[in-house]
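Chemist: Produce the entire structure from the sequences given, and follow the hints as far as they go.
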Amino acid sequence: MSLLDVRDLSVVFQRRGERPFTAVDKVSFSVEPGQTVGLVGESGCGKSVTSLAIMGLLPQRGNKVTGEVLFEGANLLELRPDDMRDRRGRDIGMIFQDPLSSLNPVIPIGVQVAEVLERHQGMDRRKALREARQLLDAVGIPDPERRLKEYPHQISGGMRQRALIAIALACKPRLLIADEPTTALDVTIQAQILTLLKQLVDETGTALIMITHDLGVVAGLCDTVNVLYGGKVVERAARHELFARPRHPYTHGLLNSVPRLDSVRGERLHAIRGSVADNIPWTEGCAFAPRCNYVVDACLEGAPPLEPTATGGDLRCNNPVPVEVTVP
Amino acid sequence: MTERTEPLVELRDVKVHFPIKSGLLVDRTVGYVYAVDGVSLSINAGETYGLVGESGCGKSTLGRGLLRLVEPTDGEIVFDGIDVRSLKGESLRRARRRMQMIFQDPLSSLDPRQSVESLLIEGLKAHGLADDKAATGKRLRETLEAVGLPASALRKYPHEFSGGQRQRIGIARALVLNPELIVADEPVSALDVSIQAQVLNLLEDLQNERGLTYLIIAHDLAVVRHIADTVGVMYLGGLVEEASSDDLYREPMHPYTRALMSAVPVPDPLVEDRRERILLAGDLPSPTNPPAGCRFHTRCPWAQPTRCADERPALRDVLGGHRVACHYAEEIAAGRIRPHEVEPELVRPDDGGAPGDTGELIPTP
Ligand SMILES: Nc1ncnc2c1ncn2[C@@H]1O[C@H](COP(=O)(O)OP(=O)(O)OP(=O)(O)O)[C@@H](O)[C@H]1O
Ligand SMILES: Nc1ncnc2c1ncn2[C@@H]1O[C@H](COP(=O)(O)OP(=O)(O)O)[C@@H](O)[C@H]1O
Ligand code: SF4
Ligand code: SF4
Ligand SMILES: [Mg+2]
Ligand SMILES: [Mg+2]
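Same order as they appear, the protein sequences are chains A and B. First residue of the first sequence? That's 1 in the working numbering, and the numbers climb one at a time after it. First residue of the second sequence? That's 1001 in the working numbering, and the numbers climb one at a time after it.
Each hint should be verified, as a subset may be incorrect.
[Stated by the list, open to error] From the structure, some residues in chain B lie toward chain A, with a derived Cβ separation under 10 Å:
no.: 1; residue: 1288
no.: 2; residue: 1292
no.: 3; residue: 1337
[As the list claims (entries may be wrong)] Sample of chain A residues with no beta-carbon within 10 Å of chain B, all distances over it, derived:
no.: 4; residue: 79
no.: 5; residue: 203
no.: 6; residue: 215
no.: 7; residue: 220
no.: 8; residue: 300
no.: 9; residue: 308
[To be verified] Just so you have them, the derived chain B footprint on chain A, three or more residues with Cβ under 8 Å:
no.: 10; segment: 20 to 34
no.: 11; segment: 93 to 106
no.: 12; segment: 156 to 168
no.: 13; segment: 268 to 275
Calculated directly from the structure, the hints in this document are not laboratory data. For each residue, glycine too, the CB sits at the ideal point set by N, CA and C.
Modeler: As structure tokens, this is what we get:
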């Protein structure tokens, strides 16, 4: 049994007077124990909404979530809010992009870590604070004894993200969901945090869902990568396979359009034309069709299905990029 | 890309310090943010100078100081032989037309109530260039065409465009004045990856067609390497290294540049698996209270017991135009000095905010 099995997860936002909007459209993927799974795609493709739906953190009103989120076999979508709250923090930890807004500004860091331990592990305050100090130390916060007493605004962004990681990992969850955990940080601080995450995941055996728009982050971290476009998974492959032979025209286009630190200079970038504003609804065809260089007639006759590939991945495309083209 | 190699822009020891005020009745200056603290560089006509560095290191302030959108505290700015800092009134306005800026966030830098047409005409009017209606209309349409937008865009409003299109409008607004220098502050960092490439290609095409000179400010090293001829790396208000784009990326010499480059994730698992990262300890120190000596010495894995902590290294030519501000650049390059562990020093975000003492959290038994 997978640790997490997301099946046909859909999230439809419905505001009064507006047309319903499908942000996540029958997304399925699974996470094995200890595995690191990437969700990548550009702004608005549904990464955060997927993770919020898994965590039961979407707003109470204005949206409809369907499908199944099986965590060790139990459907989280059917849990009562109390039980779900219990699961969060204990079984599933979460780290967001902006650590300042995820920490309580008026409670010292140490108490925020300790409270998680008290709530989920029944420790008393004294024991929880000792444990908290060790956790801050483990995530590389210098002088943890003093930091315990400080408030979030008194430490830097990188240190806040470390504190958040300490909170998320306090109860040794089996799954950690990180939504753009380093996007707001400088690149040298990002390197510190990614190294820390990798090390903690290795040491504790926690599975990780890494949500990012940065293909470089995925390349160094994820075992399996899911590429999202317009709310659907369009390609899924093992890390090396995806980067060596991207078969979906969108994945291929993305990898070709980013300037690389180690590439030959002076070459023109291969941009993907248009923008997501040009997408067509999946009900009419492949959402990417208006931007796609490989479009064929079938692409305008309903959504192409997600089908298994010969290399163990999945692909949603009528006319994939030939392997000869993708091999450099 | 380069035919002429005359400097169009020269900065000499430019400083921009922001006073920190305190006091309710009388404004008392209690300190300074040393945002830019002695930068000298020159930008050749028709070339692209890329400025990289982490947030707060003074990149934007330097760009704004160059255009006198903030007043430099000290130093010399020469644009096409003109002493920019001494310009006033009409002559400043004339010089400003020739130097335009593109901003990071296309939406917040465009007034949402103005149509694209009025956004573009605004600048022309300010410079008395919109008197002939027919000529102006033609100029607007040509500018839009140059940035890849249809003429129908003129009647629309910024919110009706995607992020990439809004950045094109931002570029059009700069371009319509026919400037010689464009300072682009993080022109693609708010854009999705697939759109970044479109905008970078557009900037390159425009440079080739019009012989523009660019100062491109970005935190993304891969973007800067792609587009710039010369790259300057900033750390805490100063340039720590400058070289041609190829040289810098082939052989970064300053310890900070090395760390910065080793930190950038590359979208290639084969490269990522083999990489050795130079992880810097701790955070960037505050520019209100920069470390003495070499500003990087509190985090430098190669720091030495002599000179580093008390003598500020000058940016010096180390080999054939490759400039480095490090006392030990040669020794480090030759491997005679090895990196060592660094104890992280804690840096407070606002520097000076007294730690709120909540008493003993852990009762001493
Ligand atoms: N509360 C909401 N009400 C209505 N629409 C929403 C809501 N939250 C998100 N959406 C929409 O759902 C879509 C997916 O949003 P989501 O936040 O998951 O994107 P993302 O992939 O995380 O993007 P980013 O990279 O910008 O974080 C977007 O079109 C967004 O505008
Ligand atoms: N108008 C201002 N008043 C006071 N401090 C400022 C002002 N503008 C920028 N700063 C400070 O100057 C430093 C450099 O800022 P900036 O040039 O924006 O950095 P970068 O663009 O490299 O991120 C920062 O510490 C910033 O907070
Ligand atoms: S299904 Fe068709 S339009 Fe969509 S990505 Fe594949 S080839 Fe392109
Ligand atoms: S001068 Fe010293 S501290 Fe500064 S970069 Fe060079 S070795 Fe490091
Ligand atoms: Mg998101
Ligand atoms: Mg800036």
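Chemist: For each hint, tell me whether it holds in the structure or not.
Modeler: Tested hints:
1. Given the 10 Å rule on beta carbons, the hint for residue 1288(B) is violated: about 14 Å separates it from the nearest Cβ of chain A.
2. Proximity of residue 1292(B) to chain A is violated relative to the hint, the smallest CB-CB distance being about 21 Å (cut-off 10 Å).
3. Here the hint on residue 1337(B) is broken, as its CB sits about 20 Å from the closest CB of chain A, past 10 Å.
4. Here residue 79(A) stays apart from chain B, with its beta-carbon at least about 34 Å from theirs, past the 10 Å limit.
5. With a closest Cβ-Cβ approach of about 17 Å to chain B, residue 203(A) is found to remain outside the 10 Å limit, as its non-interface label requires.
6. With a minimum CB-CB distance of about 4 Å to chain B, residue 215(A) fails to clear the 10 Å threshold, and the non-interface call is violated.
7. With a minimum CB-CB distance of about 4 Å to chain B, residue 220(A) fails to clear the 10 Å threshold, and the non-interface call is violated.
8. Taking the minimum C-beta to C-beta distance to chain B, about 21 Å, the non-interface status of residue 300(A) holds against the 10 Å cut.
9. Every Cβ of chain B is farther than 10 Å from the Cβ of residue 308(A); the closest lies at roughly 22 Å, confirming the non-interface assignment.
10. As drawn, the segment 20 to 34 of chain A meets chain B at 0 residues by the rule of a beta-carbon pair under 8 Å; below three, the given contact is violated.
11. Residues of the segment 93 to 106 of chain A with a Cβ under 8 Å from some Cβ of chain B number 0, which does not satisfy the need for three, so the listed coverage is violated.
12. Residues of the segment 156 to 168 of chain A with a Cβ under 8 Å from some Cβ of chain B number 4, which satisfies the need for three, so the listed coverage holds.
13. Beta-carbon proximity to chain B at under 8 Å applies to 7 residues in the segment 268 to 275 of chain A; the threshold of 3 is reached and the given coverage holds.
Hint compliance for this structure: hints 1, 2, 3, 6, 7, 10 and 11 are broken, all remaining hints hold.
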